[in-house]
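Enquirer: One-letter residues, chain by chain:
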Amino acid sequence: MNVEVHPEEALDRALRGELSGMEQQALDQHLAACSACEAHLALARSAKEACAPQPWGSRLDSLAVDHALAKFGRVRWPAWFFLPGQKRWLLVTAGILLAAGGVASATWWQRQSPAREPALSQATAARPAARTPARPRRAVALSEPQSALQAELTDERPSLPRAPRAQPSAALLFEQASALRDRNRVDEAIAVFRKLQQLFPKTRESRISFAVAGRMLLDRGRPAQALAQFNQHLANGGEASQEALAGRATALGQMGRLSAERETWQRLLDSYPGTVYASQARERLSQMRRRPQEAAPGVENSR
Amino acid sequence: MASAESRARFAVPAEVGTHSSDGSGHDLTGLALAARTRDPGAMRRFLEGIAPSVRNVCRGVLGSACVDLEDTVQECLIDILRALPNYRFEGAIVHYTNRIALRASIAARKRARGREQRLRSLAEQACLPNVAGSDDTLPSFWLVRDIIDELSAVQAETVLMRMVLGCSVEEIAMATQVPVNTTKSRLRLAKDYLRRRLDGESVDWRGRA
Chain A
322 MNVEVHPEEA LDRALRGELS GMEQQALDQH LAACSACEAH LALARSAKEA CAPQPWGSRL
382 DSLAVDHALA KFGRVRWPAW FFLPGQKRWL LVTAGILLAA GGVASATWWQ RQSPAREPAL
442 SQATAARPAA RTPARPRRAV ALSEPQSALQ AELTDERPSL PRAPRAQPSA ALLFEQASAL
502 RDRNRVDEAI AVFRKLQQLF PKTRESRISF AVAGRMLLDR GRPAQALAQF NQHLANGGEA
562 SQEALAGRAT ALGQMGRLSA ERETWQRLLD SYPGTVYASQ ARERLSQMRR RPQEAAPGVE
622 NSR
Chain B
1116 MASAESRARF AVPAEVGTHS SDGSGHDLTG LALAARTRDP GAMRRFLEGI APSVRNVCRG
1176 VLGSACVDLE DTVQECLIDI LRALPNYRFE GAIVHYTNRI ALRASIAARK RARGREQRLR
1236 SLAEQACLPN VAGSDDTLPS FWLVRDIIDE LSAVQAETVL MRMVLGCSVE EIAMATQVPV
1296 NTTKSRLRLA KDYLRRRLDG ESVDWRGRA
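Chains as they are written, first to last, in the numbering used here: chain A, 322 to 624; chain B, 1116 to 1324.
Careful: at least some of the hints might be erroneous.
Computed list of lysine to any residue pairs in SDA-like fashion (alpha-carbon distance at most 25 Å, straight line) [as the list claims (entries may be wrong)]:
(1) A:Lys369 to B:Met1289
(2) B:Lys1299 to A:Glu325
(3) A:Lys392 to B:Lys1299
(4) B:Lys1299 to A:Leu340
(5) B:Lys1299 to A:Arg543
(6) B:Lys1225 to A:Arg366
(7) A:Lys369 to A:Arg409
(8) A:Lys392 to B:Arg1226
(9) A:Lys523 to A:Ser499
(10) B:Lys1299 to B:Asp1264
(11) B:Lys1225 to B:Glu1185
(12) A:Lys369 to A:Leu390
(13) A:Lys516 to A:Gly558
(14) A:Lys516 to A:Arg543
(15) A:Lys392 to A:Lys369
(16) A:Lys516 to A:Ser499
(17) B:Lys1299 to A:Lys523
(18) A:Lys392 to B:Asp1183
(19) A:Lys392 to A:Ala373
(20) A:Lys516 to A:Ala545
(21) A:Lys369 to B:Phe1204
(22) B:Lys1299 to A:Arg366
(23) A:Lys369 to B:Pro1200
Chain A side only, calculated, beta carbon under 8 Å to chain B, not exhaustive [claimed, not checked]:
(24) Leu340
(25) Ala368
(26) Val386
(27) His388
(28) Ala389
(29) Lys392
(30) Phe393
FYI, nobody ran anything at the bench for these hints, they're computed from the structure.
From the three backbone atoms N, C-alpha and C, an ideal C-beta is built for every residue, glycine too.
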């Protein structure tokens, strides 16, 4: 008998004891060479013995059925539910606290986002402009009427609907830039502000960023770039108009554009008589009236 | 050729569609239909009807002295209850339940394999008799079963149905819903692997020195 061909029928008949002498001899010959078939026979006989009826079999079956039905009927609760009482209540309390914390933080965030603007305006106002005037170039006229600026400052929210989707990203960029500025990484902060202005031009963060970035550029000695930023802020009806006007006048002074500077200081005083920049504006105006030649700035500072 | 004796052994208490052995007058297929409705009485009678065959399948695969035998029988019964809604009444219900039991037993064997091997090595180190929960010390069927565990799932299922449950090739093909030639091929490949491995082992599985 070929070793490669396993005699399945002969094995079945051997298990039933139905093999003739010749067949048994042939099978024995195969079994001598094929340990798999030998194992087949031995395992089948062993299983036959193992499955013989036992006196306690029905009792064990009954117990197994009882346990299976009990387990099958049991509702599958999550594992934490079966923790001891104290731990379970601890988990429930922690869950409630987490949920309450989430709601509170969401509420706080909603209330906090409009309140950031006045704080920002104050922060910008706390940095008065004091730079030497630069070479005169050309006059830039303000497009926004003063009444509109005043209206924006007093009641800005109804006229400025938020962009619902862009707001989180704009806020994130604004936060990043503010953090960079706080760490005195001014150039990186300006870059982030410019990215914010490019990506989210209609957002409130973007409008405010024009004033803040203009101030930073002015402090870095780049009046031309600062002027462009202040103009953008004022053109968009920005909330930090006082700061933008003061910064614009300073930038113009640094660039040597005295008539435009004078006009801007005057406009600031007319629009906001009680502004923190009033004394600076009056001093600069009187200086320009007394000694117009000295008031003219050096050429080297204009960029 | 199907072995009538093996069929009787693994189709207890009765052949499919006939009356159960307890004389309650309910056939297993009808009970299976009733058990699908989650009726507690029908579920109990159905499980009591198939429990002997399920136990025999588990015993054949795990060995009658396996410590996990009772747990595995319970798991099989639960699996069968869960799988009952998927029964399409195409084949015999006992074949269906036996196949579920066979798969669950193979899974249980594989789960317990590591522990069994550790126990065996401990027993060898301590020169103790086999404490791995197997009564098959002579000949050493643990080796044969370990090699069967190394086979792919379909080959292991085929070879266990053939060797332990005593099913014929045609019955295996019907139960596994594959052509007869596929079953023959699986069986041949499995046996070839078994022969190579047994011949290559230093331990004599027959228990001879």
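Enquirer: Check each numbered hint against the structure and report the violated ones by number, ascending.
Expert: The structure conflicts with hints 3, 5, 7, 12, 15, 17, 19, 21, 23, 24, although it agrees with all the remaining ones.
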